[in-house]
Amino acid sequence: MDMKATKKKLGMKERYRALTRDLGWESSYQDKDAIFPYVNYEGIKVHDWDKWEDPFRLTMDAYWKYQAEKERKFYAIIDAHAQNNGHLNITDARYLSALKIFLQAISPGEYAAHKGFARAGREFPGVGTQVACQMQAIDELRHAQTQIHAMSNYNRYYDGFHAFADARDRIWYTSVARSFFDDAMSAGPFEFMIAIGFSFEYVLTNLLFVPFMSGAAYNGDMATVTFGFSAQSDEARHMTLGLECIKFMLEQDPDNLPIVQAWIDKWFWRGFRVLGLVSTMMDYMLPKRVMSWREAWEIYGVENGGALFKDLARYGIRPPKGWDDAEKAIDHMSHQFMLGLYQWSFGTSFHSWIPSDEDMDWLSAKYPDTFDKYYRPRWAHIKKLKAAGTPFKNYGLARLCQCCQLPSVFTEPDDPTLTCHRETVYKGEKYQFCSDGCKDIFDNEPEKYIQSWLPMPALFSELGGDVGAWMNWVSLRDGDDNGDYDGSTDQKHFNEWRGLATSNL
Amino acid sequence: MQIDLRTVAIEPQRNAFDHLVRRFGDKPASRYQEGSYDIQAAENLHYRPTWDPDQALYDESITRIVMKDWYALKDPRQFYYSTYTLTRARQQDTTEANFAFVESRGLAAMMVPDLAATALKVLMPLRHAAWGANQNNTFICGYGYATVFTQPCMYHAMDNLGIAQYLSRLGLLLGDTEALEEGKRAWLDDAAWQPLRRYVEDCLVVRDPFELFVAQNVALDGLLYPLVYGRVVDDDFAVKGGSAVAMLTQFMTDWFDETRKWVDAVLKVAAAESDHNRAQLKQWIADWSCRAAAALVPVIEIALGVQADEAVAEQVEAFKARIRKTGIDL
Ligand SMILES: [Fe+2]
Ligand SMILES: [Fe+2]
Ligand SMILES: [Zn+2]
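As you go down the protein sequences, you meet chains A and B in turn.
Each residue of the first sequence is one higher than the last, beginning at 590 in the numbering used here.
Each residue of the second sequence is one higher than the last, beginning at 72 in the numbering used here.
Any given hint could be a false lead.
[Stated by the list, open to error] Straight-line C-alpha distance at most 30 angstroms; calculated DSBU-like pairs for lysine-lysine:
1. B:K192 <-> A:K598
2. A:K597 <-> B:K145
3. B:K255 <-> A:K640
4. A:K836 <-> A:K899
5. B:K192 <-> A:K602
6. B:K145 <-> A:K659
7. A:K621 <-> B:K145
8. A:K1028 <-> A:K910
Calculated directly from the structure, the hints in this document are not laboratory data.
Looking at chain A on its own, in the form it has when it is part of the complex:
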């Protein structure tokens, strides 16, 4: 008898079931609660893990094959980029500030996501969920590594990259992203999935990666374009997982709805604050601009986000609570943030600068209601001070928000002339916030957020306010890594090298 002829033909779904879903079993020697100890305390009710729909049915043999193919291409391109001085192809070394922020603040987030998904990949009791999380865990490790590898060559030629590991743990502005990921990882597995899998990967990732990668392409940075492209198909999987996860929670039990809604409110606002960095990059840091932050928000926030929440409305989900405040902040945030970065540029391991007249005209055109009215005058003032030889610097202690960790540079949603401050007193201590959104998050979980490590107070308590000692501690080389781009070593080197490479001598 020909054995082959008798074989049942398995469909994709059955085959995946046989190869993956069927691997688990009901334990009998150990209690299920002991094997999965963290799955109940958040209050999410799951009645049937088998109802989980696999968002993609990828087996390991296929995973290795696809990913290896992408890896081969990626390293071939960045090797060539390094060998041919590809860094001289960028529009201008100002562009590198965006990359420096990325390496110090975002790549560590990829790593945190890797760890978090490994934990989720162990803690959820359903095989399908676990495998999807595990694949994301290994993908995110890939992202951290490819980013470091892509930027390694920039580090050999430019300042501000060399101490990214120290900056990740110690410098003030990375704490915005770090606290975001620490917050997600210290939450339970379900909240982690809403925080990273849904809010970050699904709602916000397009606002981060699409502008970033197009910015890289417009500005001649092939290394970054390459890791962006290479990560795209991974991200497509991650987005599907995030969406499946939220639908699964909502379909399993109606009691899950208020919990999930509260997490969406929280993580939308947390994520929106992290994106403050992106808005500044888009509007100020790209020598050749792709689109304004406002335009990106229209496409990826309003259109895509709107469609998503319309789709989720059938489960009773409404758009995140902070949505309207976010909308009101869009025309202000990049300017407010860049003004902040410029005045504190002594303490940043990247350069900032005063926008040129041409830049300011672009900003006026993109922000007709706000730029000329509120921000051009402030830049004009700063420019005058610089010309007079008394550049504007703020060595003062920036007041950081206890929740998002950004300095309080943002204004009231309905009054752009008034800086927004909120306060809460908890157990006799006073805590400061940048917005209602951040204050609400604190008020819901005060015991968590009183633990926040605030880099500015830490500087004063541990180093007695000694800025030089602080710079050593964060491995920031004064005069090279920080300050105005105009007159920097990066500027000097780039112009010199590019001159060499393009002159016909």
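With chain A held as given, fit chain B with the ligands onto it using these hints.
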């Protein structure tokens, strides 16, 4: 914008990232080093985990093994994501060719039916054991400390899943879905499999990442792989005309040879760190390997019958010799 650049020699301003210069000196770093050292957050962690406020977000003290520097536990294969996936993709090509070969020549059908049945009896329940291994390595990656130690565990976990899937394919090829079902039933109910299942389930509640590393990767796999894929499949089945099975499990044999070098290197460095570590490792290895050996006897019996005791005893001796080479006197 692509401008025409002349090739010019530009003097690099520095060789490597600061943290790598501090570790390895002022010279260019390898991609393994860049992707593995100090990339886990180490200081100023913001919040205690709500799932266990007694531990930190990244916590060296949740294991009884103590290391001055966890980054000493280097992977001798120097696997980072890229080298790992490229290596596995190459092996996958071989495996695919092996499956195709067995299938196209009808080699499975040419096996003595008894032998095919025995192969399925031994191998199908191991799908679930491999899934247990996946769980455990995912745990070690998630909660262990320092990327050099944890990233190979993520790779290992994916390998464990891959192995469970190769076993599933083997089952479908030799015996269709019924073979898988029967294997699961045996795993859950047959007396021969209960000690092993108990072992795996007991591992699932161990929350010391290093103890779990010992229980799963050192003790259990250190005995299971050479016994099942070496002694039973490669030796016993092959002489009985079952080399098709050996072809289909070649990945497992090669994989064990490769990964044990990593496992041994981890043990060696951890044991050399202190007497405390060495004593702890010795105790864990002794306890877990003793249980593993006992759990494997009835499994090996399925294939080797009365010779099982002797085969396991032999393998235990070989295992002890292997462990002694890592500086742990078993
Ligand atoms: Fe990622
Ligand atoms: Fe992702
Ligand atoms: Zn805030």
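Original post:
Of the hints stated earlier, which fail here?
Top reply: Going through the list in order, the structure violates hints 2 and 7 and respects the others.
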